[in-house]
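Asks: Sequence:
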Amino acid sequence: KALFPELLGENIKDEAERENRLVDLISHLTARIPLLYPLAGQAKWLVSDVQKNIIAEVQSVREVTSKKNPEIRRSELIAYMSPYLLPIIQSRAADLASVGFGCQYISEVLLEAQGDKKAACEAVVALTEGDVTAEGHIAQSAAGGKMLRALVSGGKFDPETKTVKLVEPRLGFGDMLFKSLKGRFVEWATSPSSFVVVQLLESEDVTDANKKVVRDELSKGKKTLEKAAKGENAPSKKAPVESDDQQSKKKKKTNNGPKGNAGAKILLEKLSK
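Note that the sequence shown ends on residue 273 in full-length UniProt numbering; no numbers are left out.
Accuracy of the hints is not assured; some may be wrong.
[As the list claims (entries may be wrong)] As a list, the in silico EDC-like pairs of lysine to aspartate or glutamate whose alpha-carbon atoms are at most 20 Å apart:
| hint | residue 1 | residue 2 |
| --- | --- | --- |
| 1 | Lys52 | Glu63 |
| 2 | Lys273 | Glu168 |
| 3 | Lys222 | Glu232 |
| 4 | Lys182 | Glu202 |
| 5 | Lys179 | Glu122 |
| 6 | Lys222 | Glu168 |
It is worth saying that the hints were derived from the structure and are not from the lab.
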């Protein structure tokens, strides 16, 4: 715990300055590690193989020098850090969600932190409002879509049981997102983040009543889903004039047409069952 008061900027009285400092740490490849390690552990996206070797050496020493159970220590650290990590999502959700590292931060904190997460969840849900086709909208972001799917799932995937282990108390993000997307499920289902809608139908953290509303709305927009699945909704671009050399390099490519929306295809399969 000696490191974290400095890391979290406890002594910085100006709130904006402290938040800016945390955002800088979250957005830095290396600086974010001590912030997220108690939450994410040795996740591949966070810790490199070289860093894992260093951690293994430290842990071997700790087994001799420390009597406290590692899981208890981790839980205590998360409890200590949570009051600092959650509020920044509430106040800076748009800034964090604009970059991949920030999206990873939001996912980990909302799934693993302790305390009241409602305000932070609401701030993230608010990012889904507006035109999904607009440039810069979270639905157009691969990292943003992945973050939303993780939060809708309500937990992390357990490779041993091959199921999602829901966090306790339940996050309930999926039902909150449902309220925001209601009336726009078809728009989202035909967007780059179509798998968010797939997750709404698959997550155990979403009520059956809400899932039924999603299915009913998608059924009404089935023709639109079918077009998206075939790639007919994709914007067409005029092919540039190519030299003979450029054309020869593309001989193996036999189909240059628009690709269908994979999420829309899965949703159509679900509707047919």
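Asks: Any hints from earlier that this structure breaks? Give me their numbers in increasing order, please.
Replies: 2 and 6
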